[in-house]
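**Q** Generate the whole structure from the sequences, applying the supplied hints.
Number of protein chains: 2
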Amino acid sequence: MATTAAPDLRRTARLFHALSDETRLKILARLRGGERCVCELMDAVDAAQSRLSFHLKALKDAGIVVDRREGRWNYYAIAPDARDDLSDALAVLKPRAGRAGSCC
Amino acid sequence: MATTAAPDLRRTARLFHALSDETRLKILARLRGGERCVCELMDAVDAAQSRLSFHLKALKDAGIVVDRREGRWNYYAIAPDARDDLSDALAVLKPRAGRAGSCC
DNA sequence: TTGACATATCAACAAATGTTGATATAATAG
DNA sequence: CTATTATATCAACATTTGTTGATATGTCAA
Numbered sequence: 001m002a003t004t005a006a007p008d009l010r011r012t013a014r015l016f017h018a019l020s021d022e023t024r025l026k027i028l029a030r031l032r033g034g035e036r037c038v039c040e041l042m043d044a045v046d047a048a049q050s051r052l053s054f055h056l057k058a059l060k061d062a063g064i065v066v067d068r069r070e071g072r073w074n075y076y077a078i079a080p081d082a083r084d085d086l087s088d089a090l091a092v093l094k095p096r097a098g099r100a101g102s103c104c
Numbered sequence: 001m002a003t004t005a006a007p008d009l010r011r012t013a014r015l016f017h018a019l020s021d022e023t024r025l026k027i028l029a030r031l032r033g034g035e036r037c038v039c040e041l042m043d044a045v046d047a048a049q050s051r052l053s054f055h056l057k058a059l060k061d062a063g064i065v066v067d068r069r070e071g072r073w074n075y076y077a078i079a080p081d082a083r084d085d086l087s088d089a090l091a092v093l094k095p096r097a098g099r100a101g102s103c104c
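So the sequences go chain by chain: A and B.
Numbering of the first sequence is given in this note's numbering, commencing with residue 1 and proceeding in unit increments.
Numbering of the second sequence is given in this note's numbering, commencing with residue 1 and proceeding in unit increments.
Worth double-checking, as some hints may not be accurate.
Note that the list lumps identical chains together, so a pair holds whenever it fits in one copy or between two copies.
[Claimed, not checked] With a cut-off of at most 20 Å between alpha-carbon atoms, the simulated DMTMM-like pairs for lysine to aspartate or glutamate come out as follows:
1. K26 / D8
2. K94 / E70
3. K94 / D46
4. K94 / E22
5. K57 / E40
6. K26 / E70
7. K57 / D88
8. K94 / D84
9. K94 / D21
10. K94 / E35
11. K94 / D67
12. K26 / D43
13. K26 / D88
FYI, nobody ran anything at the bench for these hints, they're computed from the structure.
**A** Here's what the structure looks like:
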């Protein structure tokens, strides 16, 4: 199991937030096939350059993707530990021991 | 593996969105211990009644929690298949075969 | 009944997020 | 150099989301 101590809620919320946008999910769908340069993502996602850049930044800030510059191109890829981070975040729905007492 | 065909991106985005708020994650943290009535969540989450109700609705609309009325209390609990749905959503980061060709 | 309680819903507002078009930066080709 | 290409960043705006306080609804107790 990847889960250690439950990661901080704020961080978790940010992670989920980065994944909560359709455009970003489209980008990721493309990146699942491996590293891609921005120009290629523009085609795949059909977003204006500026918009794409905005969403790539959102994903990057959340640690979900990494980028790498090569000459005049920038390549983006899913970050190595993104999957583990997200797996850990699954814990938010995992049952836990806790009293089942009546309330009020 | 729970994953079948990748669920529709819009749905996935909505699922993640419901999880992208700290208040809602606090609620879920409490619900991990089992069903709870709203009054009890108010304490746990320290949110005004109206605000709590708003977030519970968000979770419910996303299918993450279910509610049950009993007398004058409403009990909320994590929905039975919420975990599976979220597990499936993990697929957004799963590597996939796809060409690794050079771009541009 | 009437009143008190638990909760949902609404309207007004505030804050955060996404979009667009323009411009800046950096790398390369000519 | 200068022009061109790839991409980021910015400012203005639009949209969405969350908050607050007020009010509505349903249930029980007296």
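**Q** Does each hint hold? Answer for all of them.
**A** A quick look at each hint next to the structure:
no. : hint      : verdict
1   : K26 / D8  : between (27 Å within a copy, 11 Å between copies)
2   : K94 / E70 : neither (42 Å within a copy, 25 Å between copies)
3   : K94 / D46 : neither (37 Å within a copy, 22 Å between copies)
4   : K94 / E22 : between (26 Å within a copy, 17 Å between copies)
5   : K57 / E40 : within (16 Å within a copy, 39 Å between copies)
6   : K26 / E70 : neither (23 Å within a copy, 42 Å between copies)
7   : K57 / D88 : neither (23 Å within a copy, 25 Å between copies)
8   : K94 / D84 : both (16 Å within a copy, 11 Å between copies)
9   : K94 / D21 : between (24 Å within a copy, 17 Å between copies)
10  : K94 / E35 : between (32 Å within a copy, 13 Å between copies)
11  : K94 / D67 : between (32 Å within a copy, 18 Å between copies)
12  : K26 / D43 : within (11 Å within a copy, 39 Å between copies)
13  : K26 / D88 : between (22 Å within a copy, 16 Å between copies)
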